[in-house]
Amino acid sequence: MSKMPAWADAVLVPLISIFLAAILSALVILFIGEDPIAALNLMVDGALGSTYGWGYTLYYATNFLFTGLAFSVAFHAAQFNIGAEGQAMLGGLGVAIVCIVIPWPHWSLALIFALVGAAAFGAFWAAIPAYLQATRGSHIVITTIMFNFIAAALLNYLLVNVMRPEGSMDPATGKFPEATHLPTLHDILGVFGIPFSKAAPANISLLIGLIACVLVYLLIWRTRLGYEIRAFGKSESAARYAGISPVKITVVAMMISGGLAGMMAINNVMGEAERLVMNATEGAGFIGIAVALMGRNHPLGVLLAAILFGFLYQGGAELALWASIPRELIVVIQALVILFTGALDNMVRMPLERLFGAVRREG
Amino acid sequence: MTFMHKALGTVAALALTAGAALAEPALIFDLGGKFDKSFNEAAYNGAKRWADETGNSFREIELQSEAQREQALRRFAEAGANPIVMAGFAFGTALGEVAADYPDTKFAIIDMVVDQPNVQSVVFNEHEGSYLVGMMAAMKSESDTVGFIGGMDIPLIRKFACGYAQGVKAVNPDATVIANMTGTTPAAWNDPVKGSELTKAQISQGADVVYAAAGGTGVGVLQTAADEGILSIGVDSNQNYLHPGKVLTSMMKRVDNAVYDAFSAGADLEPGFQVMGISNGGVGYALDEYNASLVSDDMKSAVDAAAASIADGSLSVHDYTSDDSCPALSF
Chain A
1 MSKMPAWADA
11 VLVPLISIFL
21 AAILSALVIL
31 FIGEDPIAAL
41 NLMVDGALGS
51 TYGWGYTLYY
61 ATNFLFTGLA
71 FSVAFHAAQF
81 NIGAEGQAML
91 GGLGVAIVCI
101 VIPWPHWSLA
111 LIFALVGAAA
121 FGAFWAAIPA
131 YLQATRGSHI
141 VITTIMFNFI
151 AAALLNYLLV
161 NVMRPEGSMD
171 PATGKFPEAT
181 HLPTLHDILG
191 VFGIPFSKAA
201 PANISLLIGL
211 IACVLVYLLI
221 WRTRLGYEIR
231 AFGKSESAAR
241 YAGISPVKIT
251 VVAMMISGGL
261 AGMMAINNVM
271 GEAERLVMNA
281 TEGAGFIGIA
291 VALMGRNHPL
301 GVLLAAILFG
311 FLYQGGAELA
321 LWASIPRELI
331 VVIQALVILF
341 TGALDNMVRM
351 PLERLFGAVR
361 REG
Chain B
1 MTFMHKALGT
11 VAALALTAGA
21 ALAEPALIFD
31 LGGKFDKSFN
41 EAAYNGAKRW
51 ADETGNSFRE
61 IELQSEAQRE
71 QALRRFAEAG
81 ANPIVMAGFA
91 FGTALGEVAA
101 DYPDTKFAII
111 DMVVDQPNVQ
121 SVVFNEHEGS
131 YLVGMMAAMK
141 SESDTVGFIG
151 GMDIPLIRKF
161 ACGYAQGVKA
171 VNPDATVIAN
181 MTGTTPAAWN
191 DPVKGSELTK
201 AQISQGADVV
211 YAAAGGTGVG
221 VLQTAADEGI
231 LSIGVDSNQN
241 YLHPGKVLTS
251 MMKRVDNAVY
261 DAFSAGADLE
271 PGFQVMGISN
281 GGVGYALDEY
291 NASLVSDDMK
301 SAVDAAAASI
311 ADGSLSVHDY
321 TSDDSCPALS
331 F
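First to last, the sequence lines map onto chains A and B. Sequence positions in the first sequence follow this note's numbering and run 1 to 363. Sequence positions in the second sequence follow this note's numbering and run 1 to 331.
No lab work stands behind these hints: they were computed from the structure. None of the values given here were measured: they were computed from a predicted structure. The C-beta atom is built at its ideal place from N, Cα and C for all residues, glycine as well. Incorrect hints may have been included.
[What the hints assert, rightly or not] Cβ-to-Cβ under 8 Å is the rule here; a few derived chain B residues that face chain A: (1) 62; (2) 71; (3) 145.
[Unchecked claim] Some chain B residues well away from chain A (every beta-carbon gap over 10 Å; in silico): (4) 65; (5) 67; (6) 78; (7) 101; (8) 104; (9) 115; (10) 184; (11) 205; (12) 271; (13) 294; (14) 316.
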């Protein structure tokens, strides 16, 4: 099998996939009697045309960045962690406990400890399936998805019976105290005199997400642990022969993964809602899988894919606001992109590989 | 002056890019979706009636996620929509934050009280309407056992159940009221399968009239009741037509009137507290050609008499939310 040049693998395949998804989406929009060009304009303008749109796009992107990184770290150890949803929910619980129980003097202190709380809860939630996988052989895909349901039920119980303020109808905690409110991009960029929409929820978590990208890169490609994770992921028997403990690597990789997923909560729980609501994660854990696969499990790729999905989310919301396209259809459009970039990857890759092979033989 | 020009310019530019005319009203549906045959649909019908009568158009959005609550509010406010009406208590927190940022925009929220100078809070006396349909259920029941199926277990739905139980006991003090809630999460508003299961469970306990106060879940309750040959009571919208001859009546919560009134008032919407009860047509029971054969003249006159005494204050129905307890039913 002839191989493609690296740039084609990293850039061309995703671009063609997106293009195909866009054409299909345009056809779907045509079928319901709307103008696809106008719809695209609306999406681009609404998501990228103003600092307001960027604020929402980056907010969603930050969510997907954390869950995408979470998935990719586990994937390097050949663990398919589809429990980021539950781990992020538990992370939210960690953030809520840190923010409500302790009276913080300043947001920066609160942020550090909320990060620790979120990561600890997320890592704990991932550690149980990881341990079961490593020592008992219980398949991680099954256990992590079941842990999503347990997390939802646990959160449901706590919010309805324990953490709900007296007399409130919403299954949610009360508002976090003022001192724990994170600065938004409006506040941060305001320091440098750059105007940015005040209404948008993008906040300092974005910077933490970018730092996490760098740290994940260093971890996977520049440390001994990362080398062990990759070696284990490529071939378990070879890694075992080299003296790498499968139990240790599985549990550690999954805990890092769960911790990253949990840290998503500083963005959506602490940064945006400033309280813990029932369905705070809203599927970001699952979107993270598509983001990681599309980004080839490389932090830079994950970052770009996260921004693309942030664009799809915010653009979709704008479409729902200003066009008479029903919300179910917007989910269809988002699903098409996931389908093409995630699931139908080989459909684009194989013909491309053949094409490059043919060109090379001639040349 | 320059600021004013600038502000007006921004609003106009936004309105233009959005293709919206200034001062177009807007309606935001809750996560249950626009066509839930119940609460949200009632809101939509009110907006549509306004649009048909005036020939004007309105903006609307069905939410997909929690983060969109505040987003939708801000977007509509910035695009110059006025007034902005939202259906559902879950908007309370978001509106509390947003309202102050747009002092020139009027907001109306249904089923929740938000204390801001530009917000109209519309609340309904659901316990009064539920009392009336409870009386009818007790008069129609042969097994002296009637059922109640709520959506999400929140004080608002307990208010429905409590009013209903009081109506039942007023007619027949020995009657049994079985009350079940579908769930404790917002998913309980849209779970017809669970509604159907609960109906079957109540039938096996002897219930022969069930009252569904559960949004989209109620569709399953009404369907199962019709299939099993017992009577049901609809909620919010008039649901009698769903199963002609099988739906005893519907507790009408005139969300449509609230939306219609808010849209008609336009930018002059009166802020403050608006209570919709029996006396001003906010709640009531539905009587039409689909259930005429089920409601005898005796029933009608008894219920109408009760409605009249509630309206003039001589009969008071206990409101669960006033002290979180119910004299006629324990949860």
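Cross-check of the supplied hints:
The interface hint given for residue 62 of chain B holds, since its Cβ lies 5 Å from the closest Cβ of chain A, which is under the 8 Å cut-off. About 6 Å separates the beta-carbon of residue 71 of chain B from the nearest beta-carbon of chain A, less than 8 Å, and the hint is met. Because the beta carbon of residue 145 of chain B sits about 29 Å from the nearest beta carbon in chain A, more than 8 Å, this interface hint is broken. A Cβ of chain A approaches the Cβ of residue 65 of chain B within 10 Å, the least distance being about 5 Å, so the stated non-interface status is violated.
With a cut of 10 Å on Cβ distances, residue 67 of chain B falls inside the contact zone with chain A, its closest approach being about 6 Å. With a least CB separation of 8 Å from chain A, residue 78 of chain B falls inside the 10 Å interface cut-off, contrary to its annotation. Against chain A, the non-interface label of residue 101 of chain B is violated: not every CB pair exceeds 10 Å, the least being about 8 Å. No beta-carbon of chain A comes within 10 Å of the beta-carbon of residue 104 of chain B; the shortest separation is about 16 Å.
Every Cβ of chain A is farther than 10 Å from the Cβ of residue 115 of chain B; the closest lies at roughly 14 Å, confirming the non-interface assignment. Its beta-carbon lying about 5 Å from the closest one in chain A, residue 184 of chain B breaks the requirement of being farther than 10 Å from that chain. The beta carbon of residue 205 of chain B sits about 25 Å from the closest Cβ of chain A, which is more than 10 Å, so the claim that it is off the interface holds. Against the 10 Å criterion, residue 271 of chain B stays outside the reach of chain A, whose nearest CB is about 22 Å from its own CB.
Every Cβ of chain A is farther than 10 Å from the Cβ of residue 294 of chain B; the closest lies at roughly 33 Å, confirming the non-interface assignment. The beta carbon of residue 316 of chain B is kept farther than 10 Å from every beta carbon of chain A, the shortest such distance being approximately 22 Å.
Of the numbered hints given earlier, the model fails hints 3, 4, 5, 6, 7, 10; all others are met.
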